[in-house]
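Visitor: Fit chains B, C and D to the supplied structure of chain A, relying on the hints for placement.
Protein chains: 4
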Amino acid sequence: MLEKLKAEVLEANLSLPKYNLVTFTWGNVSGIDRDSGLVVIKPSGVEYEKLKLEDLVVVDLEGNIVEGQLRPSSDTKTHLVLYKHFSDIGGIVHTHSTWATIWSQAKKDLPALGTTHADTFYGTVPCTRNLRKDEIESDYELETGNLIVETFKERNIDPNAVPASLVDSHGPFTWGKSPRKALENAVVLEEVCKLASNTFQLNMDISSIDQNLLDKHYLRKHGKDAYYGQNHLLINN
Amino acid sequence: MLEKLKAEVLEANLSLPKYNLVTFTWGNVSGIDRDSGLVVIKPSGVEYEKLKLEDLVVVDLEGNIVEGQLRPSSDTKTHLVLYKHFSDIGGIVHTHSTWATIWSQAKKDLPALGTTHADTFYGTVPCTRNLRKDEIESDYELETGNLIVETFKERNIDPNAVPASLVDSHGPFTWGKSPRKALENAVVLEEVCKLASNTFQLNMDISSIDQNLLDKHYLRKHGKDAYYGQNHLLINN
Amino acid sequence: MLEKLKAEVLEANLSLPKYNLVTFTWGNVSGIDRDSGLVVIKPSGVEYEKLKLEDLVVVDLEGNIVEGQLRPSSDTKTHLVLYKHFSDIGGIVHTHSTWATIWSQAKKDLPALGTTHADTFYGTVPCTRNLRKDEIESDYELETGNLIVETFKERNIDPNAVPASLVDSHGPFTWGKSPRKALENAVVLEEVCKLASNTFQLNMDISSIDQNLLDKHYLRKHGKDAYYGQNHLLINN
Amino acid sequence: MLEKLKAEVLEANLSLPKYNLVTFTWGNVSGIDRDSGLVVIKPSGVEYEKLKLEDLVVVDLEGNIVEGQLRPSSDTKTHLVLYKHFSDIGGIVHTHSTWATIWSQAKKDLPALGTTHADTFYGTVPCTRNLRKDEIESDYELETGNLIVETFKERNIDPNAVPASLVDSHGPFTWGKSPRKALENAVVLEEVCKLASNTFQLNMDISSIDQNLLDKHYLRKHGKDAYYGQNHLLINN
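From first to last, the protein sequence lines stand for chains A, B, C and D. Sequential numbering of the first sequence, starting at 1, is according to full-length UniProt numbering. Sequential numbering of the second sequence, starting at 1, is according to full-length UniProt numbering. Sequential numbering of the third sequence, starting at 1, is according to full-length UniProt numbering. Sequential numbering of the fourth sequence, starting at 1, is according to full-length UniProt numbering.
So that you can see chain A by itself, here it is in the shape it has in the complex (with noise of 0.2 Å):
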């Protein structure tokens, strides 16, 4: 069942490593097929070296284990309130990368301060409050789903256009319409997480780019205008 999402599923996993975004088993990766309400994770705790198709979970979006041997990935519960409150995403990666768990550590969030960010993020990625004593001690992974989307929900963001969060004290989740676009995501944040530290090391009165370049920028390559690459449907999707 679901054989292709499974694959772009263990796909997506086994391009962390080679993308350096993880070390050892800190990452995850999870797709939905939208008309089961199926979602397709990576067991916890499996080594990337060793990850094989028929270690992947399925489950359904209470948390069911529907398919396979192995226990889900401990934040499944996070994917799953995404899942479920963010309708057009079809994946979703956690990872602790350098760049984005340094600027989650250091509760910050993550303006926009060149085309580089603009191209895939419209505008500031906010990085969470802190969970509450309560939360943590509660049902945690849960939680830290809710947060999320409270975040958003909040500062009036669209997930949509800003597919990334970075979680306070903890590190990055982005989401995207495939499990492929969440891990390209993944991976530009961690890259303008780092542009943007050593930009304010250079200059510490820099503030967000111009709104009207990060129109542009933005809307070069997604949207209905769109005129970056063969075909942006096929790129952007």
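Honestly, the hints are just simulated from the structure, not real lab data. All residues carry an ideal CB built from backbone N, CA and C; glycine is no exception.
Some chain A residues judged to face chain C by a derived CB distance under 8 Å, without partners named:
1) F24
2) T101
3) Q105
4) A106
5) K108
6) K133
7) H170
8) G171
Guide: Below, chains B, C and D alone, put in the same frame as chain A:
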């Protein structure tokens, strides 16, 4: 047509990931045949791993496609403006390489702080002003080219002696007598941007290299009295 | 004798360059067989590329060579002190890995700033005081071991919960239930040192992670209620 | 002639890119045969990938070419001055390696901040003053050598105990009993420059390592009572 130039442009494009100058498709190299006035350039949004000779696009200096099935790089108009105004150059490279992008985002001119810089760039590499709203909205990529040309003219910088520009909030463009030379300049620019950032971290009171040392290093590799290498004409071309 | 342990010690030593933890011969891994009280350790100054099973040296807890043609690591006495005082550990790693050495040179305790740290180290990783002249001149390597033990005792830190120490002006030692686990802790320490350095660059007002989040992350991977991985006993051993 | 020395010089030159010390052709290694007073050195501007044994150039201490078809490194005169004044050394390396160049551009002496430094360099690695206009214009490369010799003489530093110098606004030179040893010193210098830069970022109040610890680490690897490695004479040569 232009088979030799196409081979050079292809090789320089494939060298971008080899020298760690690009993520995904974020970069492009072109070359010009001055006799015919035709430019060979990378197609837009095509992955380097899949790029083949027949994918390259040939355009004239007005941007008309003369040969090729694919859409040319979205930055093509910027390249064309530079070829029109910088009459000695034969190749152009644009990337979002990490350290050069950091300087662009920091809106800072890159001063010559040592002989590594002086061996390639005869003085400060400028960072442009930001584009105005009307420039962004009318013909963005063309105006980016005009902005670079304006910067060199107003500040009286010889584009042959300083074959690079940082574009505000965006990233670097480099050029040279050939696509290969433009690529080499992109590699050097990235390295000297990294050196300069970290030099200022260590000593914020540093200013430019002594003018005599700048002259010495630039001129021992460039110009009629050069004595670096086995054949300075060959090396510099 | 001790063939299984030797194989583990060899593999962990060969993993030091693989994980970019060492330059030249600047590191060593040992393992102990608690039944016989014998320790297997890397020989001094031998290149990793040439290191073979039969080069490993077997010593008793007093430092007498029991097997092996080569001189054991010059840091052997430090390892032996740790094995004597930290009775649960089965492996030790010493390196001069870049970021952990930076913290050691800066004479700074490494605070827990995020979940990446909390997943492995249950709180601050201490940096020792500096050694006194008499300690350096009498029995330097032994006193380095004593210094680490003193640090954990005086500050009341459980070496099983914080399996690492930074040694003032020197570098890191890590340990674990096995040579492999000690190696993993060395990899994690290096990464969290890099994260913490750059977190402070971005926000100098950051203090430790919330205690509830520290508890949550450490305890979901360690201890009797752990639920990370497929078999937390296996993963944690 | 000098086949063994040529092989050593070739291997050390080819090791420069392997250890990430050079970009393009920005570095050179030489070795001297003290009996004949002949020096083997890399030709100028030749790519490492194409460098062959027969490309190496043999010069005497006055710089006359004794063997070889190619022009010797443009830095040859600097090497010759060092061989004349530092009578114990057998090999020299010059690079523009990133972190050592950063210290050179920052015009800063590199203090010994830890045992990693002390294992190779017995104290501060000096940065020279800047060259005067007349020195640059008369015989630049020779005066660069004189400048290094002057620095060690005036500051009373033993070039055998501190086998490296940073040259103001330029980059590092290292040396040793052999080309291989000079190369190793270049690798160590690069690493300790990186360590020291980041140590100061973390704690700007750090000063030099305790003198007793400096003595201990330097002398356990060097000199007649060395006890690091299997054969300290072999290791240190």
